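J.: Read top to bottom, the protein sequences are chains L and X. Numbering follows UniProt numbering, with no gaps: position 255 of the first sequence is 255. Numbering follows UniProt numbering, with no gaps: position 281 of the second sequence is 281.
Hints listed in this document are in silico derivations from the structure and should not be mistaken for laboratory results. On a predicted model such as this, the values are computed, not experimentally measured, just so you know. Treat each hint with caution, since some may be false.
[To be verified] The calculated lysine-lysine pairs, modelled on DSS-like cross-linking and capped at a C-alpha distance of 27 Å, are:
#1 Lys265(X) - Lys159(L)
#2 Lys265(X) - Lys219(X)
#3 Lys138(X) - Lys219(X)
#4 Lys138(X) - Lys159(X)
#5 Lys245(X) - Lys159(L)
#6 Lys173(L) - Lys219(L)
#7 Lys245(X) - Lys265(X)
#8 Lys173(X) - Lys159(L)
#9 Lys193(L) - Lys219(X)
#10 Lys193(L) - Lys269(L)
#11 Lys269(X) - Lys219(L)
#12 Lys245(L) - Lys56(L)
#13 Lys173(L) - Lys138(L)
#14 Lys159(X) - Lys159(L)
#15 Lys56(X) - Lys193(L)
#16 Lys173(X) - Lys269(X)
#17 Lys265(X) - Lys173(L)
#18 Lys138(L) - Lys219(X)
#19 Lys173(L) - Lys159(X)
#20 Lys159(L) - Lys56(L)
#21 Lys138(X) - Lys138(L)
#22 Lys173(X) - Lys56(L)
#23 Lys219(X) - Lys269(X)
#24 Lys138(X) - Lys173(X)
#25 Lys173(L) - Lys56(X)
#26 Lys245(L) - Lys173(X)
#27 Lys193(L) - Lys265(L)
#28 Lys159(X) - Lys219(L)
#29 Lys265(L) - Lys245(L)
Protein chains: 2
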Amino acid sequence: MAAYLHLHGHPRVQNLSLSNPSRPYSLCYSPPMTIKMSQDQSYWSSINADIEAHLKQAIPIRPPLSVFEPMHHLTFSAPRNTAPALCIAACELVGGHRDEAMAAASALHLMHAATFAHENLPLTDRPSFRPTINHSFKPNIELLVPDGMVPFGFELLAKSDDPANNNSDRVLKVIVEIARAMGSNGVVEGLYKETLVGQSDGEELSDVSIGGWMRHTCKKKEGELNACGAILGGASEVEIVKLRKYGLYVGMRQGYLNRNASNEKELQKVVAELRNLALIELQHFKGHKVEAISSFINGVL
Amino acid sequence: MAAYLHLHGHPRVQNLSLSNPSRPYSLCYSPPMTIKMSQDQSYWSSINADIEAHLKQAIPIRPPLSVFEPMHHLTFSAPRNTAPALCIAACELVGGHRDEAMAAASALHLMHAATFAHENLPLTDRPSFRPTINHSFKPNIELLVPDGMVPFGFELLAKSDDPANNNSDRVLKVIVEIARAMGSNGVVEGLYKETLVGQSDGEELSDVSIGGWMRHTCKKKEGELNACGAILGGASEVEIVKLRKYGLYVGMRQGYLNRNASNEKELQKVVAELRNLALIELQHFKGHKVEAISSFINGVL
C-alpha cells in the first residue's frame, strides 16, 4: 500500500474526490463532490461483516474436525480481496437486495482463500521470491482442504437458487462467470505467469514489467472476479458490461497496489489511470449507491 | 483387479449372471439371465468414446500452452473411474438422452483427473505408501493446472443449461450433488483418511481396516460421485434415491478392487456383498437398459 498512501494519504481520514485533474470528465449523476470517507467505511464494514457472518454460518466447525478446523482457519485467516464486497455493492447499485448476492460473495472469498493457500504451498520448484506466510498446517492439509473449499463455493452458489424468485438463469450465469475467472484462463493463468517471473533469474519489476507481465497478472489474478453481483441484482446487459469493466479496473488497481515495483512513479501513473478508467464506467449509473461503490477506488478496503 | 479376476475370471469373456447364490432375490424385469459381455462392452465403449470426444472438443490445446498442454495431458492420462460412464448409463436408464448427461460426465472425469493429480503431488509430509506415478510436469504445474480443471468442470455443467429444455433446476441440483461429493465431506475427506492410514506406522489393511477406514474411504472417494445422471435424465425422486445407492455400491466396490488388502478372503466377501446390494437397487427398473447398467458390477470398466 506504500505507493497509494504516498499519493493520497491515509484512506480512513481523507475525503473522496471524484474529480480527476489529469483526465477531466463530467459525471452524469450529481453527488456532492466530497463525501465523508467514514460513511463509505461503514458501508464496506457492514458488507464485510455480513459476508463474514454468512461464511461463519456456512462453515461450522463439525466432524471431521481434521478437515473442518483447517477449512475454517484457512477461510478466515486469508487476506481479503476486492471481489466479495464489490459483488455485493454491484448488486445493490442496480437495485438488487444484498441477500441475492451473499452466496456469490461468500463463494468468491472461499475460492480466493483456497487460491491463497495453494499459492503459498511450499513446493520444490516454487520460486524463492514467494512471500513466506505462517503455515498453520502441514502441506498435505493445505493442499487437500482448499480442494474442498472450491467445490463448496460452487455448492453455496447453486443452493442460492430460489425457485420462488425464478433466478436459476442468473445463478447459472454467475457460476460460469466465476468458474471462468477462477480457471485456466483466469486466476490460474495469472498465478502461473507470476511464477514464471519468479523463476527467471534477476528479472526486475521494471517499467516494462508493470505494463507487461504485471498488468497481465493483475488482470487475471485480481481483475476478472468482480462482475457477478450485477448479474444477481438483475442488471441489464449494458450495466453488466460496465460493472464488469469497473470491477476489472478496481481489481487490477488493487493488484498493483499489493505488489512492490522498482519504479514507483510508473506504478503511481498506472494506478491513477486505472482509477480514471474505473470512474468512467460509473458515469452510466445514478443514485446514492454510486458514491458508495466509487469509494472502492479510494482504497477504503 | 487381482481379487476380482480370481473370483470371476476375465470380465471380457465371462457371462453375466444376475443370480446370486448367497442372497437370492428375484428381479422384477425379465432379462435373459445370461447375456453376452460383448454387448455390454460395446455399450460402455460407446459411452467412454463419447465422453472422450466431448472432452477433447472442450479442451483444445490453445494459448496459454503452458497451461492448456498440461491440462490436456492430465485430463487424458488419468485412469478412468466409474462415475462418468455411470452418469450416462443412469440418465439413459430413466429415459433421458445421452447428450443431457454428457457435460456432467465430462465434468466428473475432469474433477477426478484433478484429484488424481493432487493425490500424487509430491509433498514433504506425504506418506511413503503413496503410489509413485510418472510426473510429466513439475510440482507447481501439477498443483495449479488441476486448480483450473475443477472450476472448468463446473463451467461445463452450468453451460449445459438449456433454456429451451427448462432444465435449469436439474443442472443446479447436479452442481450441488457433485460439489458435495467432491468436497470436504466427500472426496477430500476420503483422501484425508487414506493419508492418515499411511502415516500411522505399520498399520495394515486388516479385516478391521476393510470394514473401517477402507469402507469409509471407498465410500467417500469412489462411492458418492455417481448419482447425477438420473437427475439429468428426469428420474423421479424414488429413482434418484435408488440410482444414488446403486452408484454408491458400484463405486465402493470399485474402490475396494483398486486397493490391495492383506486379507483377500475378507475383501472378496465385501466385494460380493456390495454387488448384491447394488443389484437390489436395480429391481425397481424395467427395460433393456437395466441389463446394460447392471454389467457395471461385473467389472466391464
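J.: Which numbered conditions among the earlier hints are violated in the structure presented, ordered from lowest to highest?
T.: Going through the list in order, the structure violates hints 1, 3, 4, 9, 11, 12, 13, 16, 17, 24 and 26 and respects the others.
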